[in-house]
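Student: So the chains spell out like this:
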Amino acid sequence: MTLKNALFMPFILFLCFYLSACSQDDKKSMAEPNVTDTEIQAGRMLISDNCSGCHMEMEDHTFSRISQIRKTPEGWDMNIARMMIFHGLEISSEDRKALVKFLSDTQGLAPSETLAHRDVLERKHNIIEQGTDPDLASMCARCHTYARVALQRRDKTEWQNLVHMHLGQWASIEYQMLSRERDWRADALGSVAEKLGQMYPLKTAAWDEWQNTEWKDMSGEWRIVGHEDGRGDFNGTMRITTTGNDTYKVEYDLVSPEGTSVTGMGKSIVHSGYEWRGASELQGQKYREIWAASKDGNSMTGRFFQKDHSERGGNIIAWRKSDTKGIMTIVPSSLKAGVETEITINGVDLSGDVSIEGAKVTVKSATADRVTLTATADGTPEGQVKITVGNDVSTLALYTEVDYLKVTPEYGISRVGGGGGVIPKVHAQFEATGYSVGPDGVQGTQDDINLGSVPVTWSVDNYNEAAAAMDDAKYAGEITSSGTFIPAEAGPNKMRKYSTNNAGDLKVIATYTDGDRNLTAEAHLIATVQRWNNPPIM
Amino acid sequence: MKIFFKLSFLFTLAFLALPLAEAKEYMVVGARPDKLFVIDIKARKVEKTFTIPDSTGPQTIVISPDGKTAYVGTNHLRSIVGIDLDNGAVTFRADLDYKDDERTWNYGFDISPDGTEIYSYDIPTKVYLDRFESLEPRLSVFKTDAGLEAKPIREFPMPRRIHLLITAKSGALYAMGWDFYKIDVNTGKVDVAYPLRHWTHENLSQPDALAFWPSWDNNGIFSTPISYARTDMAEDNMERYRTGLLSFDLMTEKFDLIDFQSAPEVLFSSVFHPDRKTAYAAYNTLIKIDLKKPQTLKRIDLDHTYYQTDISQDGKEVYVGGTTCDIAIYSTKDLKRLGEVMLPNCPDMGATVIRMIHK
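Protein chains in written order, with the numbering used here: chain E, -19 to 518; chain C, 24 to 382.
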């Protein structure tokens, strides 16, 4: 932008604001190329109207405590919720949504800044966070996830302000275990704030660069493939149509894991240029979507989950049909020697001959989206082999026998619920994956072959002697044939020792049967009590 | 030295003997959101129920030396309210965020032996329009006759992380925190009376204890379970993790630590028998401890979790309370269940304390 244009800007701004009709071909702002000046004006007005009673507006149009922090959409929404609950802010739900949008677009996080913590953003349940600094984890990640910290950007003084908020709000913070043996306040205001300011500062090259990258409109025809935990793989198409201001209408046309046709509708908003937040309804089931678009805006990945059971859901990959080509998934992802198996290849713009190394293939149907075939492998080679459709290549696992199983998650958490209370049960979903030991014949080595999910029967047992003494397996809940653990009701149970609640410490056991061969694998399940609040960022 | 011994002996006698003479024993407990109960414990009967104005969950309870008034910490740890135990009248109130733009958390208070002053340990936060600032804790001293808008007459900065105040019989104020401190209530001078975080016991790790429970009414001695590790023992040796009883004699102002078992269970609170030969501690279990050996003599499972342990003046009954709405009563001899008191309408006691009084 030239100097002349820059000087001219206030006038345009004024005009647009005044007429408030020229938002379509409105000038992009200087500092925020993806946000128009009108949007910036409107955003400032929103803050001024709703927040300036407490947060001072400065001469440079920044607001005290607000303009010095960057957060995710969920982070901003939780922040506004705190203003309402703790500080008595009254705000319409329209303004709240508009503010979350504005703040996420102008003070959000870049894709690379959220990458390490998407599991938490996606509300994956009971994840064990990896790679966190142990001291920060014991200081800051025992009441909430470490992600809640790492998904914010601010300088040292603002980290200190946050610590002051914690101390003022919860005096017990200094008295709890893992705090009380140290001077929590001095450490938090001192070395921890210092470190956080260095690790997660307000200004970063990643955010600058992302603000200067063109944020793509998501409208178009998309191919979507996914996996619903405990149920299986699905695929289909989505037609995304813009409804203005980064909001969209979505029409789904899917093939369910059971092979039936499912259609449905959804709505979504994209924050910070890539954070897709959707709500959809398929077969009467309401879902929520937390996806991230790629930098080029041509693909999306993320998680969907049931609106009322965020622990139940799965993952998707979506490709924009006009700009992509290739194989997305092979279902199933493995082929047993000597057994004729139906296989579906999902992708975009597929055409040409179909072949699988080491297997006989009969194509049953083929479209640009999907190829269905039957295949029979003769036993050699074993392991990952090439599968091709024309020039597009992917891999498929050939095997003779399932050698061992793994149950995921290795460590699950369910929570009692219902029982007349307001908090629903939190289920725990388990899946069993088959493995071949690979050419070296040794389990647990590099060449082991993941054969994808295999059909198993499920059972639970007491985890240890203490659990057996309390009869946990009897009281804590039941597991369904699809590996969903459904915990028992909340509240004390008169039948139990100490009238304790229906918590329990359990083993989840998967058994795979192949002829007269039985393979088993176990996971650990903590069937525990309710959480009284379920914030978007745990 | 000799004289001192004799005097303190006399005091001990007086202290134990006086109430026995004509008084009847009662238990005082609070419950959410605003109840204070006076219980005729031997009759297993709630005798009086009072309603505390502006209350959320009563926690600390301090009884005036004449047994007439219960000072209750409530209103989200922000107020101390004095209730007349005969008629429930509110005779005293100190709202601890008495400074402008402050919010304050109370983490313990006690009363002078002559009943004229209340010492309150408060953690203030300054509230600006758009930010908080956590301030240093302070000791606020209130006159008990200051009425319903009591303001402090003295104020001193205090160390952080204190959770229990105890006035010894001499009037000296003690506070348990990172260390056990002795506080001069006139100058605010703080000395370490018994080091915890900084203790120098050979081969013992830094101890951990978070005591809120005043179990000294019938025995003249504060005690609390305390845990630590024997650093000279291997990490996988279960004997490494130890449970002790830390005690503080309100008459002699002497501390003592006895190590009585490894760490097979969580214990929240403890109480000495008036004869000081045994002690009792509870949480999910109730145990009887031989203080001379020292060792655990007996252990029973409780029907649910209880926070505070207390004892009758005749030493025959041990009480466990807190968490829900019942006080369970056991024999000090063999931990046999003797009975219980159910609070009317089953209100939640939460972290309220038990006090034993004699009127």
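Derived from the structure by calculation, the hints contain no laboratory data. Take the hints with a grain of salt, since some may be wrong.
Unchecked claim - Not the full set, but computed from the structure, chain E residues with beta-carbon under 7 Å of chain C: (1) G148; (2) A151; (3) T223; (4) N225.
As the list claims (entries may be wrong) - Computed cross-link-like contacts, DSSO-like style, restricted to lysine-lysine with a CA-CA straight-line distance of at most 30 Å: (5) C:K339 x C:K321; (6) E:K136 x E:K175; (7) E:K175 x E:K229; (8) E:K477 x C:K65; (9) C:K68 x E:K474; (10) C:K356 x E:K474; (11) E:K275 x E:K386; (12) E:K477 x C:K192; (13) C:K359 x C:K205; (14) E:K477 x C:K356; (15) C:K339 x C:K68; (16) E:K474 x C:K300; (17) C:K339 x C:K359; (18) E:K477 x C:K382; (19) C:K300 x C:K315; (20) C:K192 x C:K300; (21) C:K382 x C:K359; (22) C:K122 x C:K68; (23) C:K356 x C:K166; (24) E:K136 x C:K149; (25) C:K71 x C:K382; (26) C:K68 x E:K477; (27) C:K71 x C:K315; (28) E:K104 x E:K229; (29) C:K382 x C:K300; (30) C:K315 x C:K68; (31) C:K277 x C:K192; (32) E:K77 x E:K275; (33) E:K305 x E:K344; (34) E:K474 x C:K65; (35) C:K300 x C:K65; (36) C:K149 x C:K382; (37) E:K366 x E:K275; (38) C:K382 x C:K321; (39) C:K192 x E:K175; (40) E:K287 x E:K266.
Ideal placement from N, C-alpha and C gives every residue a C-beta, glycine not left out.
Student: Does K321 of chain C sit within 30 Å of K382 of chain C, going by the straight-line distance between their CA atoms?
Tutor: Outside the cut-off at roughly 33 Å; violated.
Student: Straight-line Cα separation of K68 of chain C and K474 of chain E no greater than 30 Å?
Tutor: holds, 25 Å
Student: Are K71 of chain C and K382 of chain C close enough, with their CA atoms no more than 30 Å apart?
Tutor: Distance ~14 Å between K71 of chain C and K382 of chain C Cα, so the pair holds.
Student: Would the hint linking K339 of chain C and K68 of chain C be met if the CA-CA limit is 30 Å?
Tutor: holds, 18 Å
Student: Can you verify the interface hint for G148 of chain E: is its Cβ closer than 7 Å to any Cβ in chain C?
Tutor: holds, 3 Å
Student: Given the hinted pair K359 of chain C and K205 of chain C, is their alpha-carbon gap at most 30 Å?
Tutor: The given pair, whose Cα atoms are some 39 Å apart, is violated under the 30 Å limit.
Student: Verify the proposed pairing of K136 of chain E with K175 of chain E, using a straight-line Cα cut of 30 Å.
Tutor: holds, 8 Å
Student: Are the Cα positions of K71 of chain C and K315 of chain C separated by 30 Å at most?
Tutor: Roughly 39 Å separates the two Cα atoms, so the pair is violated.
Student: Tell me if the straight-line CA distance from K300 of chain C to K315 of chain C falls inside 30 Å.
Tutor: Within the cut-off at roughly 6 Å; holds.
Student: Hinted pair, alpha-carbon criterion (30 Å max): K192 of chain C, K300 of chain C. Please report holds or violated.
Tutor: holds, 22 Å
Student: Checking one constraint from the list: CA of K474 of chain E to CA of K300 of chain C, max 30 Å. Satisfied?
Tutor: It is violated: about 36 Å lies between the C-alpha atoms, which goes past 30 Å.
Student: Would you mind confirming whether the straight-line C-alpha gap from K136 of chain E to K149 of chain C stays at or under 30 Å?
Tutor: holds, 20 Å
Hint compliance for this structure: hints 3, 4, 7, 11, 12, 13, 16, 18, 22, 23, 27, 30, 36, 38, 39 are not met, and every other hint is.
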